[in-house]
Amino acid sequence: MGNFEILDPKRHKDLCVNDGRGSQYGDQIMYSLAYPFEFRALQAEYPLLFKKSEESGQFQAIALFGLAPEENLYLSDAVWQARTLPLSIRREPFLLAERRIEASDITQDFVVSINMDHPRVQLPGGQPLFLADHSPTPYLQEILGHLRAMQEGYQQSQQFFTALEQNRLITPITINIPLQEALELSGFYSIDEARLSELDPESRQTLARDGWLESAYMQLASLSQMSGLIQRKLKSTASERPS
Amino acid sequence: MSSSVSRIVIVGGGSAGWLAAGVIAATYASDKTDNGISVTLVESPDINTIGVGEGTWPSMRRTLERIGLSETDFLTFCDASFKQGTEFFNWRAADTSSYTHPFSPPLAYDHCNPAPAFLTLSDDLRFDQTVCPQTHLFKKHQAPKQITSAEYAGASNYGYHLDASKFAEILKKHCISQLGVKHVVANVRDIVSQDNGDIAALKTDRTDPIDGDLFVDCSGARGLLIHEHYNIGFKALDHLLFNNRAVATQVPYATPESAIASCTQATAQENGWIWDIGLTTRRGVGYVFSSHHQSDELAIETLHRYVQNARDETAVGQLPSRVISFQPGHRSAFWHKNCVALGMAAGFIEPLEASALVLVELGAAMIADELPPHRAAMTRVSQRYNERFNYRWDRIVDFLKLHYILSDRAESYWQDHRDRASIPESLIEQMQAWSYRTPWHDDHYHADEMFPSASYQYVLYGMKFKPTQPTPAYRDFQDRLNQSFRIFQNVAKDGQKLEQAMPTNRSLLTKIGQYGLKTI
Numbered sequence: 001m002g003n004f005e006i007l008d009p010k011r012h013k014d015l016c017v018n019d020g021r022g023s024q025y026g027d028q029i030m031y032s033l034a035y036p037f038e039f040r041a042l043q044a045e046y047p048l049l050f051k052k053s054e055e056s057g058q059f060q061a062i063a064l065f066g067l068a069p070e071e072n073l074y075l076s077d078a079v080w081q082a083r084t085l086p087l088s089i090r091r092e093p094f095l096l097a098e099r100r101i102e103a104s105d106i107t108q109d110f111v112v113s114i115n116m117d118h119p120r121v122q123l124p125g126g127q128p129l130f131l132a133d134h135s136p137t138p139y140l141q142e143i144l145g146h147l148r149a150m151q152e153g154y155q156q157s158q159q160f161f162t163a164l165e166q167n168r169l170i171t172p173i174t175i176n177i178p179l180q181e182a183l184e185l186s187g188f189y190s191i192d193e194a195r196l197s198e199l200d201p202e203s204r205q206t207l208a209r210d211g212w213l214e215s216a217y218m219q220l221a222s223l224s225q226m227s228g229l230i231q232r233k234l235k236s237t238a239s240e241r242p243s
Numbered sequence: 001m002s003s004s005v006s007r008i009v010i011v012g013g014g015s016a017g018w019l020a021a022g023v024i025a026a027t028y029a030s031d032k033t034d035n036g037i038s039v040t041l042v043e044s045p046d047i048n049t050i051g052v053g054e055g056t057w058p059s060m061r062r063t064l065e066r067i068g069l070s071e072t073d074f075l076t077f078c079d080a081s082f083k084q085g086t087e088f089f090n091w092r093a094a095d096t097s098s099y100t101h102p103f104s105p106p107l108a109y110d111h112c113n114p115a116p117a118f119l120t121l122s123d124d125l126r127f128d129q130t131v132c133p134q135t136h137l138f139k140k141h142q143a144p145k146q147i148t149s150a151e152y153a154g155a156s157n158y159g160y161h162l163d164a165s166k167f168a169e170i171l172k173k174h175c176i177s178q179l180g181v182k183h184v185v186a187n188v189r190d191i192v193s194q195d196n197g198d199i200a201a202l203k204t205d206r207t208d209p210i211d212g213d214l215f216v217d218c219s220g221a222r223g224l225l226i227h228e229h230y231n232i233g234f235k236a237l238d239h240l241l242f243n244n245r246a247v248a249t250q251v252p253y254a255t256p257e258s259a260i261a262s263c264t265q266a267t268a269q270e271n272g273w274i275w276d277i278g279l280t281t282r283r284g285v286g287y288v289f290s291s292h293h294q295s296d297e298l299a300i301e302t303l304h305r306y307v308q309n310a311r312d313e314t315a316v317g318q319l320p321s322r323v324i325s326f327q328p329g330h331r332s333a334f335w336h337k338n339c340v341a342l343g344m345a346a347g348f349i350e351p352l353e354a355s356a357l358v359l360v361e362l363g364a365a366m367i368a369d370e371l372p373p374h375r376a377a378m379t380r381v382s383q384r385y386n387e388r389f390n391y392r393w394d395r396i397v398d399f400l401k402l403h404y405i406l407s408d409r410a411e412s413y414w415q416d417h418r419d420r421a422s423i424p425e426s427l428i429e430q431m432q433a434w435s436y437r438t439p440w441h442d443d444h445y446h447a448d449e450m451f452p453s454a455s456y457q458y459v460l461y462g463m464k465f466k467p468t469q470p471t472p473a474y475r476d477f478q479d480r481l482n483q484s485f486r487i488f489q490n491v492a493k494d495g496q497k498l499e500q501a502m503p504t505n506r507s508l509l510t511k512i513g514q515y516g517l518k519t520i
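Chains as they are written, first to last, in this note's numbering: chain A, 1 to 243; chain C, 1 to 520.
Check before you lean on any hint, since a few could be wrong.
[As the list claims (entries may be wrong)] Far from chain A, some chain C residues (derived; all Cβ distances over 12 Å):
id, residue
1, Asp46
2, Arg61
3, Lys166
4, Glu169
5, Glu429
6, His446
7, Gln478
[As the list claims (entries may be wrong)] With a cut-off of at most 16 Å between alpha-carbon atoms, the simulated EDC-like pairs for lysine to aspartate or glutamate come out as follows:
id, chain 1, residue 1, chain 2, residue 2
8, C, Lys518, A, Glu54
9, C, Lys518, C, Glu65
10, C, Lys511, C, Asp79
11, C, Lys139, C, Glu499
12, C, Lys511, A, Glu55
13, C, Lys511, A, Glu54
14, C, Lys337, C, Glu387
15, C, Lys518, A, Glu55
16, C, Lys182, C, Asp31
17, C, Lys166, C, Asp73
18, C, Lys401, C, Glu425
19, C, Lys235, C, Asp394
20, C, Lys166, C, Asp79
21, C, Lys518, A, Glu165
22, C, Lys511, C, Asp73
Since the hints were made in silico from the structure, they are not lab data.
All C-beta atoms, glycine included, are put in the ideal place defined by N, C-alpha and C.
Using the sequences and the hints, build the whole thing.
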């Protein structure tokens, strides 16, 4: 949810947005959307999984930060301990929204919106969005770049998952976490490694040509980050325990 | 003549015929391979199919999955909705009484019998709501699953409400295009017999004779093969279950967003009961009654009154209604020689508890699973089939009759239902047992049970049945009660979780139309 306003140089000329990291800025989240073109960079830091959108039931890729709702094990005070962040995190609190044009079926008109209720807006201080001549600041320009990239990522995702579903390459996975209190994450999906390796040459070639084979292997490779995430969890529970 | 059984010929293209074709053809490789099986369906161009029941059991999920139909395609094509049970109104004299028979068993039913503990509680409590979390979904018309659920999977158990003619149509398309079923449109004119009395071939008015090794009669109440050719006896059941007529109509929704009920609603009337089934596009409503007790005119009047008073809908004008008459009962044998009858050709009884389609599913599954490879093995299979389905019919009759004998309604129709002469002996015996103890898993030892003991509990205690004799003094009685009370608390918690998580039927079905469900 949120209270979104269409970004306007006049209306928002004095508005500042905090670009720091920390739980006070809404970074305390378990996962965030990831797009196939990000997989190569993200797999070096996070487990990448698939999850169905609760709105549409369609598959989406996500980068996993924690093992429980509102848990981000990469966050330590004001530092996000990773070399790279998903675009869907970096663009906060902005959104590219579809604008419905009255009396027209064409809805491919996108406007930049900002969530005025987001803590990055609500908390004092931060980066200005516009210069005196109403042109965007370098900070906002960077954000606009992220939003455009996400728009492409959204379309890329749809093609990626269509290809995976056609080849029945998605499988549900249950992640068992060997903590003191055994934890089980469900509702997540992954590439079906066995099926991927048995894929007929023709389908495989098509997937390779479209770039999806690389994305598939990147997702599989990212699963090795799971142990790192569990280490972080063990460390955080150890530090919480009174000595 | 070959004695192998490899050519299956189905007569009749209603939902029974196409379900049978789908199940058999999905089970075996086609005749283009060695030992393959061919499935041919002959359908008359002149006979309209009659939609037998628009409610299914949860078993339909497995059947459709077995056939290989996508749940998304099925739901959207058939205007189908989710059915999570039956909700009974006014089956007792108190005119505000209601209870449900949900598809999910009571919580922890595999190891804990909830009934003894329930019977110690206040009379105001409802059995279904005390023992079954699923019932929490009914009030706000919520769905048994979410848009993120896989096809055929659900958080609660469910079957479907469907448009029966569209159902036959989508099965037909799937059978022909995906499963290699041969479709012949012709009228059967004559039957060619073998020396041993088996059917050798069907002669039609517009094709070469259709040879076959096994013939499945899905020709409807007419029973083209089982009755007209073999003249197999009919076991009438109208002395036990009197309903033999129905008036049916379709009711539009007030708005496209109107709620779709989670259960079939069954409202008792003076001389029968009215079904009310919510599809996505309309409701199907009908009054099934006994012609010995009331005229068609009065039945139509009752139905129209019901439609105008029905919950939350704007009044509708006079709706066209059609009268269907049927003779309740079934063949004394279903499989004779190399012919087996399914659907209305096998038998029909009033739609209470929607037993029509499930019997087709069970019959088709048994034909497919136990298809004898050669003629010599068929006689034994047919004997087993007949034993099994006679048993199933008896259990259906008992369970349906139970709904009536527990009523205290005063009309003569209801009194006649409670006349001892109209109650099967097997049910009287059961009722004697239940006068001092509650139904439990071992009551029926048969592998082919139609209704689990939980269903009997839902009806007995939904109808406020009380044991008439003292409970035996079980040594661990108090421990059992305490265990049940803990489970009842979990029912409330689980029910609330379901309420919070599940969308309404309407919103989920709209989303499925828009996005579809995934297969995983």
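Task: lysine 518(C) paired with glutamate 65(C) [C-alpha distance capped at 16 Å] - done: holds, 13 Å
TODO: Measure nothing beyond the straight line between the CA atoms of lysine 166(C) and aspartate 79(C); if it is 16 Å or shorter, mark the hint as holding.
DONE: Distance ~8 Å between lysine 166(C) and aspartate 79(C) Cα, so the pair holds.
- [ ] Decide, holds or violated, for the assertion that all CB atoms of chain A are farther than 12 Å from the CB of arginine 61(C).
- [x] Arginine 61(C) clear of chain A: closest Cβ-Cβ about 18 Å, beyond 12 Å.
Open item on the list: Would the hint linking lysine 518(C) and glutamate 165(A) be met if the CA-CA limit is 16 Å?
Closed with: holds, 9 Å
Task: Separation of glutamine 478(C) from chain A, once the least beta-carbon distance is taken, above 12 Å - done: Nearest chain A Cβ is 33 Å from glutamine 478(C), so the label holds.
Open item on the list: Is the claim that lysine 166(C) lies outside the interface with chain A correct, judged by CB distances over 12 Å?
Closed with: holds, 23 Å
TODO: Classify the label on glutamate 429(C) as holds or violated, using whether its beta-carbon is more than 12 Å from each beta-carbon of chain A.
DONE: holds, 46 Å
Task: Hinted pair lysine 518(C) and glutamate 54(A), Cα distance within 16 Å - done: holds, 13 Å
TODO: Verify the proposed pairing of lysine 235(C) with aspartate 394(C), using a straight-line Cα cut of 16 Å.
DONE: Answer holds: lysine 235(C) to aspartate 394(C) is near 11 Å, not above 16 Å.
Open item on the list: Does aspartate 46(C) clear chain A by more than 12 Å, comparing its Cβ with all Cβ atoms of that chain?
Closed with: Non-interface label stands for aspartate 46(C): nearest chain A Cβ at 42 Å, farther than 12 Å.
Open item on the list: Does glutamate 425(C) sit within 16 Å of lysine 401(C), going by the straight-line distance between their CA atoms?
Closed with: holds, 12 Å
Open item on the list: Run the distance test for lysine 182(C) versus aspartate 31(C): straight-line Cα separation, threshold 16 Å.
Closed with: holds, 11 Å
Checked against the numbered hints given earlier, this structure breaks none of them.
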